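There are 2 protein chains.
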Amino acid sequence: MADSTNKTTVKKLLTLADIKVNGKRAQDIIITDERFYDRALSHGSLGIGESYMDGWWSANKLDRFFENAFQADLRDKVSKNWRLAAYVVRGSLINFQMGKRAYKNAQKHYDIGNDLYEPMLGKTMAYTCGYWDRGAKTLDKAQEDKFELVCQKLGLKKGMKVLDPGCGWGGLSRYMAQKYGCEVTCFTPAKEQIAYIKQHSKGLKVKPILSTWQDYKGKTKFDRIASIGMMEHVGPKNYEKYLRRMAEILTDDGIMVLHTIGGNKSIRRIDPWIDKYIFPGGVLPSVKQLASAFEGIFILEDWHNLSTNYDKTLLAWYENFKESYPKLNHDKYDTRFYRMWEFYLLTCAALFRTRQTQLWQIVISKKGVTGGYKSVR
Amino acid sequence: MADSTNKTTVKKLLTLADIKVNGKRAQDIIITDERFYDRALSHGSLGIGESYMDGWWSANKLDRFFENAFQADLRDKVSKNWRLAAYVVRGSLINFQMGKRAYKNAQKHYDIGNDLYEPMLGKTMAYTCGYWDRGAKTLDKAQEDKFELVCQKLGLKKGMKVLDPGCGWGGLSRYMAQKYGCEVTCFTPAKEQIAYIKQHSKGLKVKPILSTWQDYKGKTKFDRIASIGMMEHVGPKNYEKYLRRMAEILTDDGIMVLHTIGGNKSIRRIDPWIDKYIFPGGVLPSVKQLASAFEGIFILEDWHNLSTNYDKTLLAWYENFKESYPKLNHDKYDTRFYRMWEFYLLTCAALFRTRQTQLWQIVISKKGVTGGYKSVR
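Residue numbers (the numbering used here), protein chains in the order written: chain A, 1 to 377; chain B, 1001 to 1377.
Do not rely on the hints blindly, as some may be mistaken.
A few chain A residues that face chain B, going by a derived Cβ cut-off under 7 Å, partial list only [unchecked claim]:
{"id": "1", "residue": "D18"}
{"id": "2", "residue": "G218"}
{"id": "3", "residue": "A291"}
{"id": "4", "residue": "E295"}
{"id": "5", "residue": "W303"}
{"id": "6", "residue": "S307"}
{"id": "7", "residue": "R355"}
{"id": "8", "residue": "S375"}
Within a straight-line C-alpha distance of at most 27 Å, the following computed DSSO-like cross-link-like pairs (lysine-lysine) qualify [stated by the list, open to error]:
{"id": "9", "chain 1": "B", "residue 1": "K1137", "chain 2": "B", "residue 2": "K1077"}
{"id": "10", "chain 1": "B", "residue 1": "K1020", "chain 2": "A", "residue 2": "K221"}
{"id": "11", "chain 1": "A", "residue 1": "K367", "chain 2": "B", "residue 2": "K1123"}
{"id": "12", "chain 1": "B", "residue 1": "K1077", "chain 2": "B", "residue 2": "K1020"}
According to the in silico footprint, chain B covers these stretches of chain A (three or more CB under 8 Å from chain B) [as the list claims (entries may be wrong)]:
{"id": "13", "region": "196-209"}
{"id": "14", "region": "366-373"}
If you are wondering where the hints come from, they were derived from the structure by calculation, not from laboratory data. Keep in mind that this is a model prediction, so the values were computed, not measured. Heads up, the beta-carbon is just placed ideally off N, CA and C, and yes, glycines get one too.
Starting from the given sequences, assemble the full structure and let the hints guide the process.
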């Protein structure tokens, strides 16, 4: 049985966000195990996420539930830890800490299985925010539009040497080689991704390397760098080191696009408990942290906030995941996994929708583009 | 006679920047008083600026001279103070320190005389960077394009209440009232500017107030704030205070455009000597300083770097100034003033051209625009 005080407290908080228990509206939740109330209050974000995975509660529309909760600032009201709710599930899968563990961490998450990712991510296999602002109607088109946007921001020309650090399954690398005739070097510490890139890049000037950014010791200078969804894995103590390394291998008149998820506030040191259980080593950068990191190394040419594009991308991934789930191996991807994955995708969608979390594309250059940089949207 | 060691040193430094003494190319300089060498080395930026005003040296094209000098990093090589060379002249006119002196400072610079500014700035009387990237061929058109750009970034609609802090001669305020039907409140601590606005805004919903931002105690909430060329007068210790005050009088779903000159590096405390003689209280903000100031108060929606537009604007002001000079009162604007003004405009042009100094338009909102902010260029 739930502590009746806790139950009352949770219900009061939910009322502030216009959420009813066992209601019928999109944002309402259904409590199937009364122990939820105690667990939510005593364990904060971890309790909420794990109890969802355990099937103790559901929502008519989970993203709508979190949309209401975030807009009413319930996160701050329930617990300081709730702000990391979206990472509960992701955090249990990914260890973002760099160094020796990076290969293992990457394998944990990105090597879960291409059987999961291929139907979810679509033909581009891009696992970062797509670009819907040019009118894309499908996920594949939104991801292609994102590739094109990045290429245009970089001002790619035939024969340019381009680095794609943290390249995932290499979709952007292939696009830059195929459409723009660039020579692309890309790296990722995930073996399955390297195998996938090798298989899919035949005949293209794409050179995949199994490496973290820290282990990558190449000395070749690149004309352009497309750092897409990489900064989230770098860790706040390494932002400057990472950017300094990128500057080192970028030509003096080169351009770098830094595409990253961002947070509204700087979190310099996270709570050790959160660090251990929730989102190890993975702190989203703030504007301030990035600006501090690139000062004296890069000049800011453009800062584009695409946050709501991630809401749409996450919903599209969720739809694909839901549709493909019946065909997946359920020994590997059981019900608990399904609920975990659902929780991850939809909570994040709500975070971007309510502007609690940002998605940035930042253009930087070493000395300022001569004649001025022209923004692309 | 110049110290021969100093003369040799200066000539060597100039050679690094491909500048010849008494040469015939655009960047070459003509030394008419040999004492220049000693003064440049012993007094750095102040010596260089003052000796120019005294007619000890000239350049075939002063902006081209500084373009070469800045690109070769001569500033760092001659003296750490040279980086402020552009402010030598401006600094002697303007005391950017706020507080009790603000009215006096504003009068000093902005009340020099509309007889000087009207022909220089053109019909818009805008004393900030124009926008040439939409193809403007004249200064007036570039300034109108800037007004329009700001209005579009703000997403103005009829009847909106708009604040224009540090409004100068009110060109933007009139534009917003006239073209968009907004109710505009604007303030400046310069009396001549207030008189000018009153005279030119008849029949428009423009309310000019003689005030600094610190003295402005209004409680009305505004839908939009256009802070154009204001941050440069705020001072680094007050960035956060200024932004907090703006947030206080901006509606929760409001949008603010922050248009400001910026520096590549954070200068938290400037040298007391520089502070006293060169650029009192006036430190250009860096990305890091602004990001630190708005964190927790505003969410970054867009950051646009328009630096090279200022090069063109300054050159246009210089041409206007040169053309109108013969008609000006030469008792008030003597030869020393002419050379001072020339030095100010052309050195700044070179600073923007070589990307040593930036011009930013930053869009910020209090909670993030629902549905996402769409950038305008």
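- Message: Could you work out which of the previously given hints the structure breaks and list their numbers from low to high?
- Response: 1, 2, 9, 10, 11, 13
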